[in-house]
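Enquirer: Taking the hints into account, I'd like the entire structure generated from these sequences.
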Amino acid sequence: MNSFFSGTRLRDMIRAIRACKTAAEERAVVRKECAAIRTSINENDHDYRHRNLAKLMFIHMLGYPTHFGQMECLKLIASAGFPEKRIGYLGLMLLLDERQEVLMLVTNSLKQDLNHSNQYIVGLALCALGNICSAEMARDLAPEVERLLQFRDPNIRKKAALCSIRIIRKVPDLAENFINPAAALLKEKHHGVLITGIQLCTDLCKVSPEALEFLRKKHTEGLVRTLKDVVNSPYTPEYDIAGIADPFLHVRLLKLLRALGQGDADSSDAMNDILAQVATKTESNKNAGNAILYECVETIMSIEDNGGLRVLAINILGRFLSNRDNNIRYVALNMLMKAITVDAQAVQRHRATILECVKDSDASIRKRALELVYLLVNETNVKPLTKELIDYLEVSDQDFKGDLTAKICSIVEKFSPEKIWYIDQMLKVLAEAGNFVKDEVWHALIVVISNASDLHGYTVRALYKAFKTSSEQESLVRVAVWCIGEYGDMLMNNVGMLGVEDSVTVTDSDIVDVVEIAIKHHASDLTTKAMALIALLKLSSRFPSCSEYVFSVPSIPCNSIRLMFFYHRGTAFFLSCIKRMRFQLRIKDIIVHHKGSLVLELQQRSLEFNSIIDKHQNIRSTLVERMPILDEATFTTRRAGSLPAAVSTSGGASLNLPNGAVKPSTSLLVDLLDLSDDVPAAPSSSGGDFLQDLLGVDLSPAPTQSGTNQVQKAGTDVLLDLLSIGAHPVQSSSSTTDILSPIQNEKSPIATLDALLPSSSLSAQATSAKAAPVMDLLDDFSPSPSKPEDNGSVYPPLVAFESSSLRITFDFSKQPGNPQITIVLATFTNLTPNVFTDFIFQAAVPKFLQLHLDPASSNILPASGNGSITQNLRVTNNQHGKVFLAFTSKSIVMRTRISYKINNKDTLEEAQINNFPRDL
Amino acid sequence: MGIRFILMVNKQGQTRLAQYYEWLTLEERRALEGEIVRKCLARNDQQCSFVEHRNYKIVYRRYASLFFLVGVDNDENELAILEFIHLLVETMDRHFGNVCELDIMFHLEKAHFMLEEMVMNGCIVETSKCNILSPIQLMDKTS
Numbered sequence: 009m010n011s012f013f014s015g016t017r018l019r020d021m022i023r024a025i026r027a028c029k030t031a032a033e034e035r036a037v038v039r040k041e042c043a044a045i046r047t048s049i050n051e052n053d054h055d056y057r058h059r060n061l062a063k064l065m066f067i068h069m070l071g072y073p074t075h076f077g078q079m080e081c082l083k084l085i086a087s088a089g090f091p092e093k094r095i096g097y098l099g100l101m102l103l104l105d106e107r108q109e110v111l112m113l114v115t116n117s118l119k120q121d122l123n124h125s126n127q128y129i130v131g132l133a134l135c136a137l138g139n140i141c142s143a144e145m146a147r148d149l150a151p152e153v154e155r156l157l158q159f160r161d162p163n164i165r166k167k168a169a170l171c172s173i174r175i176i177r178k179v180p181d182l183a184e185n186f187i188n189p190a191a192a193l194l195k196e197k198h199h200g201v202l203i204t205g206i207q208l209c210t211d212l213c214k215v216s217p218e219a220l221e222f223l224r225k226k227h228t229e230g231l232v233r234t235l236k237d238v239v240n241s242p243y244t245p246e247y248d249i250a251g252i253a254d255p256f257l258h259v260r261l262l263k264l265l266r267a268l269g270q271g272d273a274d275s276s277d278a279m280n281d282i283l284a285q286v287a288t289k290t291e292s293n294k295n296a297g298n299a300i301l302y303e304c305v306e307t308i309m310s311i312e313d314n315g316g317l318r319v320l321a322i323n324i325l326g327r328f329l330s331n332r333d334n335n336i337r338y339v340a341l342n343m344l345m346k347a348i349t350v351d352a353q354a355v356q357r358h359r360a361t362i363l364e365c366v367k368d369s370d371a372s373i374r375k376r377a378l379e380l381v382y383l384l385v386n387e388t389n390v391k392p393l394t395k396e397l398i399d400y401l402e403v404s405d406q407d408f409k410g411d412l413t414a415k416i417c418s419i420v421e422k423f424s425p426e427k428i429w430y431i432d433q434m435l436k437v438l439a440e441a442g443n444f445v446k447d448e449v450w451h452a453l454i455v456v457i458s459n460a461s462d463l464h465g466y467t468v469r470a471l472y473k474a475f476k477t478s479s480e481q482e483s484l485v486r487v488a489v490w491c492i493g494e495y496g497d498m499l500m501n502n503v504g505m506l507g508v509e510d511s512v513t514v515t516d517s518d519i520v521d522v523v524e525i526a527i528k529h530h531a532s533d534l535t536t537k538a539m540a541l542i543a544l545l546k547l548s549s550r551f552p553s554c555s556e557y558v559f560s561v562p563s564i565p566c567n568s569i570r571l572m573f574f575y576h577r578g579t580a581f582f583l584s585c586i587k588r589m590r591f592q593l594r595i596k597d598i599i600v601h602h603k604g605s606l607v608l609e610l611q612q613r614s615l616e617f618n619s620i621i622d623k624h625q626n627i628r629s630t631l632v633e634r635m636p637i638l639d640e641a642t643f644t645t646r647r648a649g650s651l652p653a654a655v656s657t658s659g660g661a662s663l664n665l666p667n668g669a670v671k672p673s674t675s676l677l678v679d680l681l682d683l684s685d686d687v688p689a690a691p692s693s694s695g696g697d698f699l700q701d702l703l704g705v706d707l708s709p710a711p712t713q714s715g716t717n718q719v720q721k722a723g724t725d726v727l728l729d730l731l732s733i734g735a736h737p738v739q740s741s742s743s744t745t746d747i748l749s750p751i752q753n754e755k756s757p758i759a760t761l762d763a764l765l766p767s768s769s770l771s772a773q774a775t776s777a778k779a780a781p782v783m784d785l786l787d788d789f790s791p792s793p794s795k796p797e798d799n800g801s802v803y804p805p806l807v808a809f810e811s812s813s814l815r816i817t818f819d820f821s822k823q824p825g826n827p828q829i830t831i832v833l834a835t836f837t838n839l840t841p842n843v844f845t846d847f848i849f850q851a852a853v854p855k856f857l858q859l860h861l862d863p864a865s866s867n868i869l870p871a872s873g874n875g876s877i878t879q880n881l882r883v884t885n886n887q888h889g890k891v892f893l894a895f896t897s898k899s900i901v902m903r904t905r906i907s908y909k910i911n912n913k914d915t916l917e918e919a920q921i922n923n924f925p926r927d928l
Numbered sequence: 004m005g006i007r008f009i010l011m012v013n014k015q016g017q018t019r020l021a022q023y024y025e026w027l028t029l030e031e032r033r034a035l036e037g038e039i040v041r042k043c044l045a046r047n048d049q050q051c052s053f054v055e056h057r058n059y060k061i062v063y064r065r066y067a068s069l070f071f072l073v074g075v076d077n078d079e080n081e082l083a084i085l086e087f088i089h090l091l092v093e094t095m096d097r098h099f100g101n102v103c104e105l106d107i108m109f110h111l112e113k114a115h116f117m118l119e120e121m122v123m124n125g126c127i128v129e130t131s132k133c134n135i136l137s138p139i140q141l142m143d144k145t146s
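Just so you know, the sequences run in chain order A and B. For the first sequence, the working numbering gives the first residue as 9, with consecutive numbering after it. For the second sequence, the working numbering gives the first residue as 4, with consecutive numbering after it.
PhoX-like mimics (lysine-lysine), calculated; alpha carbons at most 20 Å apart, straight line:
| no. | chain 1 | residue 1 | chain 2 | residue 2 |
| --- | --- | --- | --- | --- |
| 1 | B | Lys132 | B | Lys113 |
| 2 | B | Lys42 | A | Lys409 |
| 3 | A | Lys436 | A | Lys395 |
| 4 | A | Lys409 | A | Lys367 |
| 5 | A | Lys375 | A | Lys409 |
| 6 | A | Lys528 | A | Lys476 |
| 7 | A | Lys395 | A | Lys367 |
| 8 | A | Lys346 | A | Lys415 |
| 9 | A | Lys375 | B | Lys42 |
| 10 | B | Lys14 | A | Lys29 |
| 11 | A | Lys427 | A | Lys395 |
| 12 | A | Lys197 | B | Lys132 |
Derived coverage of chain A by chain B (criterion: at least 3 residues anywhere in the stretch with Cβ under 8 Å from a Cβ of chain B; other residues may be distant):
| no. | segment |
| --- | --- |
| 13 | 65-73 |
| 14 | 87-99 |
| 15 | 161-169 |
| 16 | 192-206 |
| 17 | 245-254 |
| 18 | 293-300 |
| 19 | 367-373 |
To give a feel for the contact side, a few chain B residues facing chain A, derived at Cβ under 7 Å:
| no. | residue |
| --- | --- |
| 20 | Ser52 |
| 21 | Phe53 |
| 22 | Phe109 |
| 23 | Glu112 |
| 24 | His115 |
| 25 | Glu119 |
| 26 | Asn124 |
Think of the hints as simulated: they come from the structure by calculation, not from any bench. Cβ coordinates follow ideal geometry from the N, Cα and C atoms, glycine included.
Expert: Written as structure tokens, this is what we have:
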């Protein structure tokens with residue numbers, strides 16, 4: 009006995025490891041052992057080499073690094089004795105993998121061993137090669153393996169067959185060399201060779217169409233006969249399992265027949281009889297028999313159509329499905345998923361049973377059944393199936409709710425016959441498992457609600473009721489809060505009652521209660537709280553009947569005196585005003601309370617909202633106007649992720665109301681995003697965050713102030729980059745940003761909301777560059793609205809740029825009937841006593857503009873203003889006349905670069921021109 | 004490929020034998036074993052023997068204190084793998100005589116040799132216990 013097999017030391021090590029009470033102790037023992045092994049390796053100790061390796065394998069199994077033993081494997085493989093080689097090869101398979109360079113060193117030893125006179129050593133080498141061979145080794149050693157496929161000993165042939173599988177997987181080009189030897193294996197009687205040969209042929213069919221064709225033509229008959237022999241074979245004790253001779257061979261044979269029969273009517277025909285025999289004769293009371301039936305059903309489902317066989321197969325699955333053994337039910341569900349493409353009708357018959365399986369106590373079965381139900385749903389059965397699933401949602405396990413919810417939502421979205429049903433089902437899901445609902449799902453729900461204008465009242469009432477019972481479901485709370493903010497008035501006045509619903513009596517204070525609960529709930533996260541805060545602002549102007557009168561008399565300090573003011577209007581009016589006032593005061597209280605919030609976002613918003621309520625009565629109602637109908641198509645595409653958020657500026661026409669107030673339309677949503685999302689480097693942009701649309705605020709927790717600074721920087725960088733790269737005048741810049749557009753805002757009396765947006769600081773900075781006084785837009789805001797801008801006016805000429813050497817003036821003109829296009833006549837004047845040569849003017853604009861530069865009148869600019877160059881620029885403002893939340897249309901911005909030579913010396917000047925007249 | 008890995012794990016979740024037929028790093032192996040063991044050991048006897056994990060299935064069977072877990076591709080015949088686990092246990096039983104956890108621990112290399120004769124590169128090589136054990140017995144005799 010050699011030292012390894014008596015191996016006291018190996019035993020000792022295992023005992024020591026077993027005795028360890030904690031992981032730390034185990035680590036210590038392993039560390040000690042590893043140290044000893046390393047020493048032994050360093051001393052090149054031959055006697056203990058394979059004991060060391062045995063230890064390393066154990067250590068490796070425990071999950072410790074053993075790379076230092078890799079070379080030992082190679083040394084053992086290279087040694088002459090069988091026991092050494094054997095442990096060496098085992099170590100090779102366990103400790104190394106095909107990616108390691110060390111493996112290259114072993115190719116030669118393998119080659120020698122494959123040609124060894126001892127067949128056991130050949131077997132070892134084949135086994136190792138089959139487990140770890142890389143593409144290079146496959147190329148090098150394929151001829152040896154090919155030869156060994158005809159070796160006299162079946163034990164070698166079977167290993168060579170599996171080794172060939174590895175080789176053709178690594179190098180599919182070699183497949184054709186193996187077709188003939190592999191086909192020869194199919195005639196073998198030895199089960200080991202036969203089963204490996206069949207597996208080799210199955211793999212050949214996968215990688216090589218020629219092999220598939222060849223085997224189909226020449227060997228289908230033979231394989232059918234083999235299967236027949238195996239099925240009818242007399243009792244063979246060696247291979248018998250539960251009265252069946254070698255079920256593994258059955259299964260592999262059926263697999264190969266499946267590969268051959270798929271898509272080929274002739275070979276399918278040839279195997280019909282035997283498949284029918286297997287399907288009817290196989291005992292189904294033992295696992296082994298069921299394994300064969302299961303494989304047989306799959307083959308029947310996959311090969312070319314034969315009605316009778318399929319009925320047989322579906323019946324077997326039906327029997328499986330009603331089996332008490334969970335394993336059998338599991339495979340039945342698994343197979344029904346494949347059967348559904350073949351015969352959906354037959355699978356539908358088992359719907360009731362499958363639905364029962366969704367409610368099984370076993371997670372694996374539930375999962376399979378749920379996937380299957382998902383495939384079973386169609387327009388006709390969606391209602392009952394969804395009802396079943398939602399009912400089950402109430403009682404299901406917590407860890408299953410996530411899967412179940414996702415599937416229900418997906419079914420409802422896909423097959424919903426009408427909007428009201430969709431909304432009903434989604435509300436049920438939200439109320440039951442709102443915490444498991446993904447963000448896209450409730451975003452989609454809001455979009456649908458927004459589009460179903462006749463259901464607004466119904467939805468908000470339903471949400472209100474649902475909130476009362478399940479206020480712990482975050483997504484439900486969010487949707488409810490959003491809808492209450494939008495349609496709160498409908499909730500109170502029972503607007504748009506449907507026949508099916510009971511009327512509810514809701515007072516305004518109930519409504520505020522809901523929002524208050526949402527905002528104060530400890531588990532509510534920032535998004536919910538922010539949504540609630542905005543809902544409050546919206547609510548404050550949803551019932552405007554008298555509150556505005558009350559609050560618009562700021563000169564009267566005390567509320568009670570304000571009320572006196574209205575006393576003469578009658579008691580009823582007085583009482584309703586008291587109610588309204590209380591309502592307003594409560595809203596204000598909650599908002600004020602959040603002025604002290606530790607979350608910057610909430611704090612900032614509540615300050616702003618408070619200021620809107622206090623000081624800007626006249627614009628408040630416009631600010632919190634009902635959201636325009638959200639564009640479903642836009643949302644869908646955005647959800648699909650195919651488009652970045654800002655691209656979808658679809659149909660954003662806006663409406664100028666006679667009083668100068670502006671009714672924002674869909675483009676407003678998009679434009680909100682423009683302010684932060686357009687810039688690739690913007691830290692707060694989250695790639696089309698739908699939430700930003702919904703809320704109109706930036707919810708990212710990053711400090712807003714620093715965020716916008718970066719935004720601006722990034723924006724200008726883009727502009728700069730554009731200029732420094734392009735040697736020719738840039739006609740239209742595609743990746744600049746719109747963020748510079750609010751620059752003109754200080755002129756606009758209704759730019760107030762701009763201050764709500766992260767870009768406010770930016771606009772302030774931009775303005776200060778122009779030396780205009782930076783106003784606190786919110787506080788210094790004068791309440792009288794100015795006259796709307798006159799679009800048709802004549803624009804004064806503009807000194808666009810002036811330095812010590814050069815002056816550029818712009819004259820503007822519009823083409824009649826085409827207000828989007830502005831013709832700019834640029835005049836360049838030289839202020840120095842030297843002539844400028846090679847004068848080039850380049851300009852770039854943000855992407856909402858298009859710029860066309862006509863050739864300049866000359867490229868030589870005479871000295872001292874004795875002449876000038878003129879150049880026409882045509883600017884198309886796609887956003888002309890569109891008004892965004894910033895309450896100003898986007899005006900032109902331009903970045904320019906002027907290069908010229910003075911006495912052959914290059915000079916470069918750059919400037920950003922942003923004092924263009926408004927509304928160009 | 005069929006079989007991706009074979010694990011033997013005791014009731015406490017300690018690995019007693021691990022054979023992978025696809026390459027995973029040490030960290031991946033540890034994570035994988037942890038996840039699988041947690042999932043499978045939590046299941047009771049009535050539940051089915053198949054667990055879906057990541058993109059493959061685990062077929063497992065418990066023998067006394069030892070769990071045999073086999074990771075297979077999704078298109079593998081689960082019932083046949085279950086039968087294969089039983090064959091593996093019977094083979095070990097025949098060799099060790101009433102095989103137990105300790106036999107596998109202290110004769111890890113022999114367990115591997117047996118496995119080597121039964122599975123290669125994720126495919127089944129041999130299903131006859133005699134054929135599987137004969138080379139091992141031969142070697143025991145000579146050494």
